[in-house]
Amino acid sequence: NAGVTQTPKFQVLKTGQSMTLQCAQDMNHNSMYWYRQDPGMGLRLIYYSASEGTTDKGEVPNGYNVSRLNKREFSLRLESAAPSQTSVYFCASSVTQRYTEAFFGQGTRLTVV
Amino acid sequence: KQEVTQIPAALSVPEGENLVLNCSFTDSAIYNLQWFRQDPGKGLTSLLLIQSSQREQTSGRLNASLDKSSGRSTLYIAASQPGDSATYLCAVRPGAGSYQLTFGKGTKLSVIP
Chain A
151 NAGVTQTPKF QVLKTGQSMT LQCAQDMNHN SMYWYRQDPG MGLRLIYYSA
201 SEGTTDKGEV PNGYNVSRLN KREFSLRLES AAPSQTSVYF CASSVTQRYT
251 EAFFGQGTRL TVV
Chain B
15 KQEVTQIPAA LSVPEGENLV LNCSFTDSAI YNLQWFRQDP GKGLTSLLLI
65 QSSQREQTSG RLNASLDKSS GRSTLYIAAS QPGDSATYLC AVRPGAGSYQ
115 LTFGKGTKLS VIP
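Chains A and B supply the protein sequences, listed in that same order. Just so you know, the first sequence maps onto residues 151 to 263 in the numbering used here. Just so you know, the second sequence maps onto residues 15 to 127 in the numbering used here.
Among the hints, erroneous ones may be present.
Stated by the list, open to error - Distance ranges between label pairs, derived from CB positions:
{"id": "1", "chain 1": "A", "residue 1": "PRO158", "chain 2": "B", "residue 2": "ASP81", "range": "18 to 26 Å"}
{"id": "2", "chain 1": "B", "residue 1": "ASP53", "chain 2": "A", "residue 2": "SER234", "range": "21 to 29 Å"}
{"id": "3", "chain 1": "A", "residue 1": "ASN220", "chain 2": "B", "residue 2": "PRO127", "range": "41 to 49 Å"}
{"id": "4", "chain 1": "B", "residue 1": "ASP41", "chain 2": "A", "residue 2": "ALA232", "range": "29 to 37 Å"}
{"id": "5", "chain 1": "B", "residue 1": "VAL27", "chain 2": "A", "residue 2": "ALA232", "range": "16 to 24 Å"}
{"id": "6", "chain 1": "B", "residue 1": "GLN95", "chain 2": "A", "residue 2": "MET177", "range": "28 to 36 Å"}
{"id": "7", "chain 1": "A", "residue 1": "SER217", "chain 2": "B", "residue 2": "SER73", "range": "19 to 27 Å"}
{"id": "8", "chain 1": "B", "residue 1": "THR72", "chain 2": "A", "residue 2": "LYS207", "range": "34 to 42 Å"}
Derived by calculation from the structure, the hints in this document are not laboratory data. Just so it is clear, CB atoms sit at the ideal spot from N, CA and C, and this is done for glycine as well.
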């Protein structure tokens, strides 16, 4: 019963470095999402993938790119990390993007120094 | 733009008390509303999903209601326990546009033994 698995759990980057956050779900869900959570700001959608082969921007996409590698995996890439990207990142998935329950991973805590 | 508000931001109650958490949203055109629990440093755990055609959902000691016309939902927790201490988030899925979840900032609940 793994659900949504994110790696790594913690990461420290220097300004300008790049990295990829990995997410995989084993529930055969069609839709996947990346959120960031910041104190006082709540959860904000970065990118989402309604189905395999599609990706769309969310509320705060600047500085990020995504890849829907296959139905199970959805990665988030920071090409040139900035201190403003210090946050907790959550991946989520759902059967469809409209009617069904969303399930979240345990999060990646990223610090950019 | 859909806005979701949760009041109060924090709540402290003695063990055994019944309590209600509130969630309000500005646009009543929604597909569904979902309640989550988040423990410190952890991911979001789905508690209840209410479709727009439903009035309430129950799971154990939890009961969530939805009044779509007034833009309100409540999460009722019966006989609270210290293990219920967490942050509770509500999120609405709009009925048009990108259909992506919009989150409130949460209510931090502390149940005092």
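| field | Cβ separation of ASP53 of chain B and SER234 of chain A, checked against the hinted range 21 to 29 Å | value | holds, 26 Å
| query | Measuring from beta carbon to beta carbon, are GLN95 of chain B and MET177 of chain A in 28 to 36 Å? | reply | Cβ of GLN95 of chain B to Cβ of MET177 of chain A: about 29 Å, so the range 28 to 36 Å holds.
| message | For the hint 34 to 42 Å, verify it against the beta carbon of THR72 of chain B and that of LYS207 of chain A. | response | holds, 37 Å
| said: Does the beta carbon distance between PRO158 of chain A and ASP81 of chain B stay inside 18 to 26 Å, or does it fall outside? | reply: Between PRO158 of chain A and ASP81 of chain B, where Cβ atoms are some 42 Å apart, the hint is violated.
| request: Could you say whether the range 19 to 27 Å given as a hint is met by the Cβ separation of SER217 of chain A and SER73 of chain B? | output: Violated: the Cβ-Cβ distance is about 35 Å, outside 19 to 27 Å.
| query | Per the hint of 41 to 49 Å, is the separation of the Cβ atoms of ASN220 of chain A and PRO127 of chain B within bounds? | reply | holds, 47 Å
| task | Evaluate the given range 16 to 24 Å for the C-beta pair formed by VAL27 of chain B and ALA232 of chain A. | result | violated, 41 Å
| task | Go ahead and decide if the range 29 to 37 Å is satisfied by the Cβ distance of ASP41 of chain B to ALA232 of chain A. | result | At roughly 33 Å between Cβ atoms, ALA232 of chain A and ASP41 of chain B fall inside 29 to 37 Å, so the hint holds.
In this structure, the earlier hints numbered 1, 5 and 7 are contradicted, and the remaining ones agree with it.
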